[in-house]
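Could you put the whole structure together from the sequences, leaning on the hints where they help?
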Amino acid sequence: MIPPAFEYTRPTSVDEAVRALAGAGEEAKVLAGGQSLLPLLRLRLAFPELVVDVGRIPELRGVREDGDALVIGALTTHHEVVHDPLVRAHAGLLAQATATVADPAVRHRGTLGGSLAHADPAGDLPAVALALDAELVVAGPGGRRTIPAREFFVDYLQSALAPDELLTEVRIPKRDGWGFHYEKFHPVAQSWAIVGVAALVRRADGGVAEARVGLTNMGATPLRATTAERELAGADDSAAVARAAEAAAEGTRPSQDLSASPEYRQHLARVLTRRAVLTAAGMG
Amino acid sequence: MTDQAVEGEVGRSRLRKEDARLITGQTNWTDNIQVAGLLHLAVLRSPMAHARITRVDVSPALERPGVVAAFSGADLAEGLGSLPCAWPVTEDIVQPDHPPIAVEEVRYAGDPVAVVVARDRYAAADALEAIEVDYDPLPPVLDLEAALAQDAPLVHADKGTNRCYTWPLATGESFDAVRERAEVTLKRRYHQQRLIPNAMEPRAVVVTPLAASGEYTVYSATQIPHILRIMLATVTGIPEHKLRVIAPDVGGGFGSKLQVYGEEVLALAVARRLGRPVKWTESRSEGYLATHHGRGMIQDIEIAATREGRLLGLKVDLLADMGAYLMLVTPGIPILGAFMYPAIYKMDAYAFTCTGVFTTRTPTDAYRGAGRPEATFAIERTMDELAVELGLDPVEVRRRNWIRHEEFPYTTVAGLTYDSGNYEAATEKALALFGYDDLRAEQRRRNERGDTVRLGIGVSTFTEMCGLAPSRVLRDLRYGAGGWEAASIRMLPTGKVEVVTGTSPHGQSHETCWSQIAADVLGVPFDDIEVVHGDTKAAPQGMDTYGSRSLAVGGEAVHRAATTVVEKARRVAAHLLEASEQDLDFRDGVFSVKGSPEARKTIQEIAFETFTNHDLPDGVEPTINAEHVVDPENFSYPHGTHLCAVEVDTETGKTTIRSYVSVDDVGRVVNPMIVEGQVHGGLAQGIAQALYEEAVYDAEGNLVSGTMADYLVPSAADLPEFTTDRTETPAASNALGVKGVGEAGTIASTPAVVNAVVDALRPLGVRDVRMPCSPHRVWQAIQEARSGGAPAAGGTGGTGPAQSGQSGQAAQSGELGQYGQPGEEGPA
Amino acid sequence: MTHISVKVDGTTYEDDVEPRLLLAHYLRDRLGLTGTPIGCDTSNCGACTVDLDGATVKSCSVLAVQADGCEVTTIQGLARDGEWTALQRAFHEKHGLQCGYCTPGMIMAARDLLRENPHPSPDEVRKALEGNLCRCTGYQNIVRAVLAASGQQDASGHQVSEGVTA
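Chains as they are written, first to last, in full-length UniProt numbering: chain A, 1 to 284; chain B, 1 to 828; chain C, 1 to 166.
Source of the hints: derived by calculation from the structure; they are not laboratory data.
Here the structure is a predicted model, which means the values were calculated and not measured.
We put the CB at the ideal spot given by N, CA and C, even for glycine.
One thing to keep in mind: the hints can contain errors.
These stretches of chain C come out as covered by chain A in the derived footprint (C-beta under 8 Å, 3 or more residues) [said to hold, decoys possible]:
no.	stretch
1	31–43
2	54–67
3	77–88
4	108–115
5	138–151
Residues of chain A clear of chain C, computed beta-carbon distances all greater than 10 Å [unchecked claim]:
no.	residue
6	16
7	22
8	163
Take a look at the structure:
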């Protein structure tokens, strides 16, 4: 199908982009890689009056270190994230999970910032950002502010971004030495995760000292499995991990759709959490 | 599968002639066609499953930029007949009117209600949004069983019923009688989910009118240019000789382009009305609504057998979802399967009934296999159930019942005469390639250990009737046309050859294979042959391509036409070589006089000398061209044994195919490489039905698997490497000895996979998993079994007809409704 | 209308386009480069895959204006002076296509894979092609073709041609 008509602007700086957004109010959409927006436009599920193409703003690209944090430009593509040596060294979970997003051609265009700003709970990266305790830096007319990932995902396809704000970079605390694993469960390679589990584990004495678990597609927003995380702390064998993982679905309200019932999703969250944590902990 | 020791072209893995344009981007898809002044047609479709149209106002669309015209159904109704159904399977079939565009009532989500014609496709898409339509909703009809109830809402109120037809067949002894004496009976219900064919090329049509002479050229992404021409003439009233239909390069069909579609008629009607060329191209999600679906049946199957596992009789009752209207061969699809339920097995009684039911869904029609996959699934699933019931190996229970190779030709209980086959040979080969005994041993060990990931082994021994079809049989089945196929061979003066075929390929490699056949008979180089097809002006006579018929019927026609060319050339050669015809040898394209091999003429030289006609005797027509129309004397009956091993993760429900072995017997093989490719593709589609694909409707009748993101067509990453092999038992019913291979893989594979999934889960008490065996469904089936919701697998030594099984379908209660009760919940 | 300049298969085109024009439609309808077909509207099928500045994209999910100043390579730009690339030859020799509708996208996706990973395993080939759907081949001969183009054998030891890079 054919996208509806829209006005188009291609700013060359963040300030220019923010001005364009501010001028258009609710009716503007940011176009980064377009891998979420273009299908929506083609199915005529979105009718923006203005599309602000931020794809040519150089300052939004690239990965750098900033002390204990890794700073990834919002416009960094999935392909770049997967292959970036800094990401692989300090945020391996993100690299691993990003490699499961869609397919190679989509990963060439799709961006980290775009995936997070789209705030789709079925997307793989929001849960990863939660697990990593990422911070999202956004620019608006009043300057820049930083939003912790746990406050960024507000509702289904809804983030804490104001209409006149642009996500500029993602700051991720380095977790060198932590084990990690993203366990994505999907019926065919190309489909969205029915459930995904992002696990980060600090190991000690052959067991789990501390764990952080993000859940994909277990509600209107990505979630942390906080109860399971608590119970995982100190789990010193696989049986203990399995017991703790039983709490992974606690507090979740997953949806019913073509591929799963809520009960099944909760069941999967428990199974996949166990598997992800065991793998992340090297106990699998 | 090597082609060692092949002397001629037939049997050789010739690389394809078709490829050069396809791998360089020079293909001529219908949507590629550009002509001066081309207008784009867009179709507004009903958002509701069932409603009365109370108002359509297209005038706001006319205000939009670039719009040339807009029409409601009422605007176009005059001069357009009903879309055709060529297969009224019974005398009293209910055949509703099927306008190409709805006028008073819409009967499925996607039914066309208005069209816009604009200068480009963007303007046309925009203008659709300006059209105003008011609907008065009517109740949807979705459940096949409920639709037949006395007070059910009706899809076609004027018909007074949702029952389209009931088609019975009872052969051999009475089933009731054999059930009386049976020691074991089994009854199962299977659901054939609706499938969306998903040819990779979306449908498209371009119509270019020549107003002055009232001539129209219709380019369409169709499998059936010849049939389409006749039908378009009938529906529009344009005389047939003023219509030329061209199927350019066509990107797959799988039955979905064996159709006369409303959009083809509308494009032609609008081009006629405006005197301008018109193009319509569907988008994928539009096609999901507007291109016919496949399958869609509830199958109740009952078998009666002895305790030794010998089948006595089979009874099948089908409910078949017609969808909202009867399209070209909609009612006949289940009937194509009717003769195949007895499959490769001997038995005494067979009773079959099919009831076609109207629903407010997209019409169904042919999809790869068309009736035969459904039949094969039901019998092969049930044979596994019988094996479990009797404690026999599933291969053994088949062996006890199949027709032995020395029994051919064999007339089955359903009345078909299978000309040839060797089920023993195919099965032995498959078992060896598969490592059957080792896998069974591993399965036992893993079951004993109680592994989380279980191993399951599935068997499918299948046959099919293809090579459609003997025309007299088609008459008896009330099919509206014959089953012949035409070929002609034009021997060009320079020695090049044109093979003109009535088949219409869309991926099947006819250009290559027909060249191989003709090259062998004529003795001319493969590269000197061009195959002409898909244009009613260039290849005027044909019955087109479907039902694995092209080689067995169309290839045979090429073979016979070429043989006639040689006979005609022999006469000319005899004159030119001053010898009698009987004294001529013909070998490798050369006529030579017996005993004096230096006196020789090639057939290509003879073509030239026939053209000049300088020295032909009186009474000899100056042509060695020939044509032949073949009406097959019988169907052909490919068969094979497929074995599938799956790993099922009982925690998540995910099934992974570990190995897949197929041994097919498709008779003599023209091109082994192409045959193997056909099998691969067939397997992928059959596996997709087993594990992935389903057209799902919600309780209001909306298609919720409405885009390619929701309908799970498997990718390379989802499918295994197949091990394919063949046995070769030539068909007796054609000179080439060929049987057809287009549908074999699809027909055989679905039950092999589902049998494997169920086999993996039987130790957990699961007796069936409804297709597609998605992770969710498998998990649900396991949960049901664990909670005692499904009866444990057989082996209870039941006496008499006690084993009436709900086949574990309770597992599906949470699903979105399709053929059972529509579920309450829509997609979140 | 937005002015764009795009180099496609070696030729630079200057055009005024609607911002919403999809790159796939720009190639097909404006430039007449119909070698790149469109198979879906959700970026699932990959038939429209082209190369944009050295990386594959699905041209139905890129706006023509996003390609402004970029270099696009389509299936029509691969062969040089009628000489097919190794991948094109391999698809022909391994019967990696039937109807051929997915083939332009498949070849472009495979080309991208071999650029990054010249000697992929069969599983890596399958994974790399997960965004390209084929309804005819069951993928087996496509995998064989890609392995052949990379100078390797597939799991079954299927005959492959000489090692050449894509």
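These are the hints, each one checked on the structure:
Counting residues of the stretch 31–43 of chain C whose beta carbon lies closer than 8 Å to any beta carbon of chain A gives 3, which meets the minimum of three for the stated coverage. Evaluation of the coverage hint for the stretch 54–67 of chain C: fulfilled, as 10 residues show C-beta separations to chain A shorter than 8 Å, against a requirement of three. Under the rule that three or more residues need a Cβ within less than 8 Å of chain A, the assignment of the stretch 77–88 of chain C is violated, with 0 such residues. Interface restraint, the stretch 108–115 of chain C with chain A: holds (3 residues with C-beta to C-beta distance below 8 Å; minimum three).
Judged by the Cβ-Cβ criterion of 8 Å, the stretch 138–151 of chain C is not covered by chain A as claimed, because only 0 of its residues qualify and three are needed. Against chain C, the non-interface label of residue 16 of chain A holds: every CB pair exceeds 10 Å, the least being about 16 Å. With a minimum CB-CB distance of about 20 Å to chain C, residue 22 of chain A clears the 10 Å threshold, and the non-interface call stands. Residue 163 of chain A, annotated as away from the interface, keeps every beta carbon of chain C farther than 10 Å; the closest lies near 20 Å.
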